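Now for the letters of each chain:
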Amino acid sequence: MTQYAKDYSVGELMCVTLAKEIEDGDVVVLGSFTPLAYASYILAKITHAPNITLLAYASVDTRPFQLSFTRAEAAATRGAALMWTMLEDLNSVHLKGRGDVEAISSIQADQYGNINLSVIGEYDTPKLRGPGGAGAPEVIKMHRKMIGYFPSHTTRTFVPKVDVITGTRYVIGAKERVKSGYRPGPIRYITNLAVISKEEKDRPFKIDSLHPGVSVEQVVENTGFELEVPKDIPQTEKPTAEQVRLLREEVDPYGTIAFDFKSGKERLEYLNEILQKELESIGY
Amino acid sequence: MPAENKVAKLSDITKIIKDGDRVAVGGSWLGSHPMAIIREIIRSKIKNLTAITVVGSIDIDMLIGAGCLSRLMFSFVSMEAFGLAPNFRRAIEKEGLPYDEITGLAVIIGLEAGGRNIPFLPYRGPFGSDLIKYRPEFYKNIKCPFTGEDLIAAAAIVPDVAIIHATRADHAGNAQIEGTSGTDIEMMRAAKKRIVSVEEIVTDEEIRKHPEKTKIPKFQVDMVIEAPLGAHPCSCAPDYVFDPWHIMKYMQAATSPETFRQYLDEYVMKPEFEYLEAIGGMRQAAILRRLAREVKFL
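Same order as they appear, the protein sequences are chains A and B. So in my numbering, spot 268 of the first sequence is number 268, and the numbers just go up one at a time. In short: position in the second sequence from 1, add 284, done, that's my numbering.
Derived from the structure by calculation, the hints contain no laboratory data. Be aware that one or more of the hints could be misleading.
Unchecked claim - Not the full set, but computed from the structure, chain B residues with beta-carbon under 10 Å of chain A:
1) Val339
2) Phe372
3) Thr464
4) Trp529
5) Phe557
Here the structure is a predicted model, which is why all the values come from computation and not from measurement. Cβ coordinates follow ideal geometry from the N, Cα and C atoms, glycine included.
Given only the sequences and the hints, what does the whole structure look like? Please build it.
So, in structure tokens, the structure goes:
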């Protein structure tokens, strides 16, 4: 019988849930350094999906490595089977349609599968200038699955229509995707409250599962667009005791996953704590 | 004939980078940006540049904060886990810095087109993105002449100058990159003039021991500059990690133009060797190198 963890953080729950999206044999692109997503892929690689290919920074098929705040790039590089330029990545994975998962996050996401990493407000006179999408606007369409993770599920993030469409899934639905030269796969968002997904163009996002202790009303109230609410919604499977142990002792002993859930001054203090531990680990 | 020698001093970059140039800046995320050259651009007071970046961070933010840019082409500028880039945000939100936000693949494919000396390359681009509407000079909807399929044409990007940071090079400019090459190679191929800074200048015998590591041939390099720790506070994988302590200081300083001016005076507006002292010298370098060595696989 599966032994579930008695004590786990919402970050760990999201991490384990995202790891389940990874299937053995997948080609997984790591993108910008986002501890939660990185931890998920590495957890998948050392548990149920040992044959995935990880692409991190310039590395191809890097070994699973222990996360820290400063060392992901050095580890990925030292564990690489091959080193590629971004263009070689694009040619072989993205444009070829061989990518399976490259989880993204976004400032806003809407009911149509659009994301906004550009601006809040008017494009030419923005209230907030975001970082831009890097490859996200394109990869969410090209890869088999469009997976998003959102540490803060609110009506500010999930809006009816994004202010600016930085990128979009564009072709939604299995038949349409195949016809347009893409592999079929869902849009799925893993949040701090629930898992929601969209598989057909003309149907709304549906609640797949609710995290333990979260109600349907809470999810509906915090989502700025219509959701399909099935009669019986399962609870998101809790992390097992072993998954939590692996995360805390092997994958992420410095606690970088929690970083995404902190803000402002607290975030800075937490970072200083992590860095202190990293210094101690090398004998300083 | 004497042997080719493109080795120059950091201050010689003004022979190549001129006011008003379009400068492609190598490196990606918080890795391998040519920061010693960036600092020298600021010291030399080169102005009205258009910076071109795929995934930029402190390199672009610093150029903006120092007033060196009159335009920016980017797909992403962020201080990653440290937060949004403060000078970048302020310049766009408050000061109206003109910019071209282009999707990541379009910048990379545009540089590739530039390198191939053709005006565009087609791909299954970001259909449905508003950026196509906002910047039609970089995107066109086209039909495949063979199948009729809808495609996006990404316009060629030809920078006046490319600047990158590499692991080592010989005097002629054959440059090796051991870590994250990002779009450095495409930038060097596309640009009209190119500068590479390196951790170390070595003999051509040394380069020939590992030809597979050489990513840039000498004919795509116009100037070589030795700049140890030249990517700092960014990383140069796998030799050293980015410097989170310095980047935190930077983030604090960049919260206002006044405090950022103090940062520039304290760290940038002095000779590069004094910069290396100011950031903690040998001890700090040893920590960053040690972190990069001590990684653990599972």
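Okay, the hints, checked on the actual structure:
| no. | hint | in the structure |
| --- | --- | --- |
| 1 | Val339 | holds (5 Å) |
| 2 | Phe372 | holds (7 Å) |
| 3 | Thr464 | holds (4 Å) |
| 4 | Trp529 | holds (7 Å) |
| 5 | Phe557 | violated (24 Å) |
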